[in-house]
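Student: So the chains spell out like this:
There are 2 protein chains.
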Amino acid sequence: MRIELISVGTELLLGHIVNTNAAYLSERLAEAGIDVFRVTTVGDNPDRLTAAIRESLDRADAVMLTGGLGPTIDDITSATVARFAGRSTVLKNHVGTAPGLIFDYKGKVIICLPGPPRELEPMFEKNILPYLYKRCTPHAVRCTIKSRSIKLTGLPESVVNNKVKDLLAMKPPTTVGIYAKLGEVDLKIMAKARSERAAAAEMAKIEREIRRRFGDYIFGCDDETLEGVVGKALLAKKRTIAVAESCTGGLVSDRITNVSGSSDYFIGGIIAYSNDIKVNILGVAELTLKRFGAVSAQAALQMADGVRRLTSTDIGLGITGIAGPTGGTKSKPVGLVFVALTTDRKRVVRDFRFRGDREEIKFQSSQAALDMVRKSDFLT
Amino acid sequence: MRIELISVGTELLLGHIVNTNAAYLSERLAEAGIDVFRVTTVGDNPDRLTAAIRESLDRADAVMLTGGLGPTIDDITSATVARFAGRSTVLKNHVGTAPGLIFDYKGKVIICLPGPPRELEPMFEKNILPYLYKRCTPHAVRCTIKSRSIKLTGLPESVVNNKVKDLLAMKPPTTVGIYAKLGEVDLKIMAKARSERAAAAEMAKIEREIRRRFGDYIFGCDDETLEGVVGKALLAKKRTIAVAESCTGGLVSDRITNVSGSSDYFIGGIIAYSNDIKVNILGVAELTLKRFGAVSAQAALQMADGVRRLTSTDIGLGITGIAGPTGGTKSKPVGLVFVALTTDRKRVVRDFRFRGDREEIKFQSSQAALDMVRKSDFLT
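Protein sequence lines, in the order shown, are assigned to chains S and D.
The first sequence begins at 1 in my numbering and counts up by one.
The second sequence begins at 1 in my numbering and counts up by one.
Check before you lean on any hint, since a few could be wrong.
Covered stretches of chain D (chain S as the covering partner; in silico rule of three or more C-beta atoms under 8 angstroms from a C-beta of chain S) [what the hints assert, rightly or not]:
| hint | segment |
| --- | --- |
| 1 | 12-26 |
| 2 | 81-93 |
| 3 | 226-238 |
Mimicking SDA-like on lysine to any residue, the simulated pairs with C-alpha atoms at most 25 angstroms apart in a straight line are [claimed, not checked]:
| hint | chain 1 | residue 1 | chain 2 | residue 2 |
| --- | --- | --- | --- | --- |
| 4 | S | Lys165 | D | Lys188 |
| 5 | D | Lys181 | S | Thr10 |
| 6 | S | Lys146 | D | Asn45 |
| 7 | D | Lys238 | S | Thr326 |
| 8 | S | Lys171 | D | Gly327 |
| 9 | S | Lys238 | D | His16 |
| 10 | D | Lys330 | S | Gly261 |
| 11 | S | Lys237 | D | Lys188 |
| 12 | D | Lys188 | S | Lys146 |
| 13 | D | Lys232 | S | Lys171 |
| 14 | S | Lys181 | D | Lys238 |
| 15 | S | Lys237 | D | Thr225 |
| 16 | D | Lys238 | S | Gly261 |
| 17 | D | Lys165 | D | Lys238 |
| 18 | S | Lys171 | D | Asp75 |
| 19 | S | Lys330 | D | Asp75 |
| 20 | S | Lys232 | D | Arg291 |
| 21 | S | Lys332 | D | Asn258 |
| 22 | D | Lys171 | S | Thr20 |
| 23 | S | Lys181 | D | Asp276 |
| 24 | S | Lys181 | D | Lys171 |
| 25 | D | Lys181 | S | Thr20 |
| 26 | D | Lys238 | S | Lys238 |
| 27 | S | Lys232 | D | Lys165 |
Derived from the structure by calculation, the hints contain no laboratory data.
Think of the CB as a built atom: it goes at the ideal place given N, C-alpha and C, for glycine as much as any other residue.
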């Protein structure tokens, strides 16, 4: 079954409200295996609304309208549809006043739902979805879509892209898409099949293949965040962590503490922006700063050691670098960042060259630091 | 001029993302007096996209497409449009990789913009809006639009709204819009006139009126950020600052250090997530924690004093509160936050009750802390 959505409301065309109903209905319909091919927004104008409905009916089996059902003069949907589609079935609105309407029209169906999400959603779930299923299944077999985002960090988009060219070229019913963000690349699998089980199996097959190709570069799925995954691992292994930040200026600690419950493993942090703090609070040797500079592997390691000692944690993280746009030199350019992770058994340090503006370099540094914690064998 | 918007992306039709671009563009176009009569969303399918563009061109003078401009195989917009519309003007993308495109097609115009809002918005403001103006009025007398966002913090939207009801009701050529963000309310003035000078004078008149009504609640204009404004003041007054953060977890320091050159006034910070750090590093009295708790005015003041002493700065900032979602009690609910600012001459502390999720409470706390620095008479 092909369906189109029409959102009715001048307030949408003026940008006064964001069309969240379209996203909600699209997602639920996709999950139910009903294809949404187009979403149209029109204002409270009967002629333009009529035109939009007729066009959608030419292309689709069903049209679902949202909004414009209320009692005010602006609310034109029901009168407009009734004018050419005739009698309707009325759906009771248990939350608000405007009822929903279902019109049978020349073998197709027009559904009108109230605009407010708290009225629309229960009516959709309770009345419309079962109705559509029933209507879909006499001719076509019902089908389901499953989707999952596999999230990677530590590889540039171009490298990921090259490794999954074959998967990205797949055609429905199963597809893979690539979405690059700063410091992260997501691979999104979508599998459509005739049953929940078949869709899940198809998705699992592709996910296994992606996992085989990228292994430890994958840090999570769907809603998971890197800081959330790191937090879970620290909690599971009963490890505590503290962070000494220079160029990231507090961002690593900020991200760690965005996770609810992080006080169970995050003890605290030192933002050592000046050398004085590096020396006097973190105990970085003045000779180190003199010989190697504040942006050096040696300084990063001593910062990690220092904050770990100061806070008595299992893991210390030290980050120092040049976020720019000024302060770079030929030997130490903007984007050069050292991240050190130390425990009482091990000391590791890595250097990175990031590109971007100040905030982008800060973010990529924080991503690299969190990822070093995730990959550290202290947690595995 | 009539324009239609077409949003391109299967992820929109699947409901994976909400179409905020459509709301943004609709609002800005409406402010500019350009009518948006329809918004259409289609997937990454060349045939269906072509059909949608042709239909829109039948109805409107211009079509603006968003999304599908990137380098991956899913990104079909530019190829699809180029296939029937031919050559285009290329707009440089200063933020991302995908350029914007403008096609002249049979006396109408097709505009393609990147999907990510942080790429779309500057390109729209800088290139598209002036272009559309020019195109709208080739015969009429040239007119200029001046716009300015006046940024406020410390007042809820409802209060700001009530104080400018008369301004919000103004009709073109001069209008005022209100835009609420987390911890910030912007008032946007748009003045249209036949000369640059007349538009500027009209805008200045309204700006003076807004400044008269809100005074010190206004922290800046247009691209200015609160952390940038605070940084400028610290630099001008040659003051240094250090921050002791509990509930904000590093966010205040992170924001301060997003400003290039902040190392001239930001010395460092202590993220005192555990009580141990509050006591052992910042020197908060154990008795204070026992009698008043870690979330108290007294603790905030001692944290500010402690970090100031430790780093030898002019200003110390201390933030402690309950970011939630857990950890609240009847007397100390989630959202209760104390911010203290101390110097060698003065100690002030304020309490706030913020609403929202964990990250929203963190952000509002950071906003309040930065705003206390901005307003502190130590800087004036």
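Student: What are the numbers of the hints that this structure violates, sorted from low to high?
Tutor: Violated: hints 2, 3, 4, 8, 9, 11, 12, 13, 14, 15, 16, 17, 19, 20, 22, 23, 24, 26, 27.
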